[in-house]
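Student: Put the two chains together into one complex, using the hints given.
Quick mapping for you: the protein sequence lines, in order, are chains A and B. The numbering used here numbers the first residue of the first sequence as 1 and each following residue consecutively. The numbering used here numbers the first residue of the second sequence as 1 and each following residue consecutively.
Hints listed in this document are in silico derivations from the structure and should not be mistaken for laboratory results. Since the structure is predicted, the reported quantities are computational estimates derived from the model, not experimental observations. Some clues are possibly wrong.
Result set (DSS-like, lysine-lysine): computed pairs, CA atoms no more than 27 Å apart in a straight line [claimed, not checked]:
#, chain 1, residue 1, chain 2, residue 2
1, A, Lys262, A, Lys167
2, B, Lys81, B, Lys134
3, A, Lys145, B, Lys127
4, A, Lys18, A, Lys103
5, A, Lys145, A, Lys29
6, A, Lys225, B, Lys110
7, B, Lys110, B, Lys93
8, B, Lys110, B, Lys81
9, A, Lys18, A, Lys30
10, B, Lys110, B, Lys127
11, B, Lys81, A, Lys225
12, B, Lys12, A, Lys225
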Amino acid sequence: MAAQAGSDVASLVSRNEKTILPEWVEFQKKAGILHTGRISEGELQSQSRNFLHLLHEALTQGGTDTSGSAYEAAKAMLAELSRSRAMQGFSPSETATFIFSLKQPLFNAINRDASLSADQKASTVWTSTMLLDELGLFTLEIFQKSREEVIVRQQREIAELSTPVVKLWEGILALPLIGTLDSQRTQVVMENLLQTIVDDEAEIAIIDITGVPTVDTLTAQHLLKTVAAARLMGADCLISGIRPQIAQTMVHLGVELNVISKASLADAFAVALRQTGRTIVKAKRVEGYTFADKKSGGQDA
Amino acid sequence: MPTTRTERVGIKVSDDVVRVRQITRAFALEVGLSLVDQTKIVTASSELARNTLDYGGGGEVTAEIVEQGGRRGVRLTFDDKGPGIADIEQALKDGFTSGRGMGLGLGGAKRLSNEFSIVSEPGLGTKITIARWK
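Extracted from the complex, chain B is given alone in its bound form (with noise of 0.2 Å):
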């Protein structure tokens, strides 16, 4: 899957969300994104963001337009060295958070994206990846 524009944006504090959804922002215009589809990739992109700030302890976002079989698309990998996921059938359901918030952003950035994929290692972090075609 051949990559034409890649950036790559650390999540330290709660203004990187901002610049997260920023980036993914401009690309998904670059691509050509619809305006639906546009705020569902921004706004998967703002939960999975938040998810790395908050609980894997800050991360970073790999943000890539990427070419598949004459398809473009925009393709997020949210990787963090945090305690990891330790049941990930758990963590998807809605309404299941560890911390505070309302459980909805892991299922919730699921289902705005056309591919979802999550690794995660208990103990050595947690990385995802999402992606939107056109």
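So here's chain A without its partners, still in its complex pose (with noise of 0.2 Å):
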């Protein structure tokens, strides 16, 4: 039955093809698809040429079961082009008109058929209902996965790219935080500090704050351990950039941070020179060293 379905609907497109292309490519037109912007007719053409043909080929050898491996190669071409179209940035139902809107080409075809009975063509109507509602819809699971794919891969880029530890000075670090302080992400700040304690032979490591919104007791807490932590491998701890609305509320709420804390990076950096046996002195000027000296006092002296 599936099989006898499926090679009217596959006569009925091959039969039909030169009407069914062009009214399709004009469905898709009428929906607006070019007015996107993001796709040219050129394109369209082709992509709607090409997919009818695999249609024609995969109705000829499997049917109407999508699942068989006669389908492969026109849901292969469906993925790919969903997956182009949600990188692109086509809404959902953009990308899904492809597949719908060759249901009226369709329907047209069949009715115009004057070789159908009044049973068959409803039966057609049937079978490829069912078929292109099958394709609508694996077009739109696979759109649905590339968009989860790209927000995961946006997920880990920003945990990484967020908790960078910059070597200052020899034996200086500082570990610059952003944002929200989760637990999750606390432990990745966490393990990448000590790794890089061990790897640079750190003697001080400056926890800048400036951009983190909200310091709370679990935030506090977090921040002490990491100090903590940093302690028993042998560094100390500087906390910069406290901001005063940040200092007057960690004050209400009690948090006590048992570390020297600065307001700005550079003064946590100049602390930490000192500490570490260093001084930052002015250059001493150089006579007739520069370009402009040279001009000006080369021939007074």
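Tutor: Here is the structure:
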């Protein structure tokens, strides 16, 4: 029955390919697919032609069973189309329109076909509806999956990017924290910092919280645990970037950070340099060294 | 006390705590709280939202912009159907915790707010209301 219905639709498609294709493209254009500006008419034409061709082959070989191997090529093309449209920023309905707009031209072809009896027409309409619905859902599923892949990738990128440990000087590290410090991210941050302390044989780590919008007791606890762990590894921690409103709030909360803290990263860096026995000295200008000095002072000397 | 804006947020997972903070900040901005007051109410909301999640087993918060005698403010009501608090006096004490936190959240939230009220029935749940006025 399925095979019979499939070959009915297949022969219908092959007999009417010349009218179905332009009608289909017309319906897609009417749905405004070209107005999105993400696809050209030529591309639309060739995508439609290719798919109709693949669908015809699948119908001839495998009937209407879309899970069969005959549909592999057609489904691969749909998946590719769906994925690229997801990346290009098409909406789900714009993507699904590709398949669903094929219904009307197909039904028109069935209606016009004089060789089919009324019963045959009805059953062919039913078969092709089922078929296109299945393929449409498949398109949407792939679309959804591709979008999820994008989100997961971005999440991973954010998790990695947002916790860099920066080497400021020999033995001095900085950890600029940005965003919300939830438990999962804190774990990543802490591991990163401790590992870098080992790798760089660091003596001092500066944790900068300028980019942390809210410091509540949980955040403070995470910070203190990180500091304690770093201490166990022989590195001292400084905390910098505590803004005035955060400082006031922490006082009201009753949180005490038993570490040296500074308002800015620059201040903390100066402390770190001092603690490691270094000082910053303003460079003495060497007479007649710069171009400007040569010009004005050269002749007097 | 007329309410001009209300929003209800469920607190079921730790990401919801972030959402509570964001909504509180948006409301505080709308009321025109100073930066320090914004930070205070946002931090208090963060503490209470996390308590609702960790100790109350989840619940919800109702955020409101309220007006009283020409003053505007943000009011937050945290509601859970958890085990409740047997000894509120003790729970408010700094350093006391039944969990693994620092034991500063509840008392801290009280200090960070202009108004603070707590109703708790052991076995029935806890309802905490805080407000910060401009």
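Student: All the hints need checking, so say for each whether the structure fits it.
Tutor: Cross-check of the supplied hints:
1. Lys262(A) <-> Lys167(A): 18 Å, holds
2. Lys81(B) <-> Lys134(B): Judged against 27 Å, a Cα distance of about 31 Å means the pair is violated.
3. Lys145(A) <-> Lys127(B): 41 Å, violated
4. Lys18(A) <-> Lys103(A): Judged against 27 Å, a Cα distance of about 16 Å means the pair holds.
5. Lys145(A) <-> Lys29(A): 26 Å, holds
6. Lys225(A) <-> Lys110(B): Measuring from Cα to Cα gives roughly 25 Å; hence the hint holds.
7. Lys110(B) <-> Lys93(B): 11 Å, holds
8. Lys110(B) <-> Lys81(B): At roughly 21 Å apart (the allowed maximum being 27 Å), Lys81(B) and Lys110(B) satisfy the hint.
9. Lys18(A) <-> Lys30(A): 19 Å, holds
10. Lys110(B) <-> Lys127(B): 14 Å, holds
11. Lys81(B) <-> Lys225(A): Distance of about 32 Å is beyond 27 Å: violated.
12. Lys12(B) <-> Lys225(A): 26 Å, holds
The structure fails to meet hints 2, 3 and 11 from the earlier list, while all remaining hints are met.
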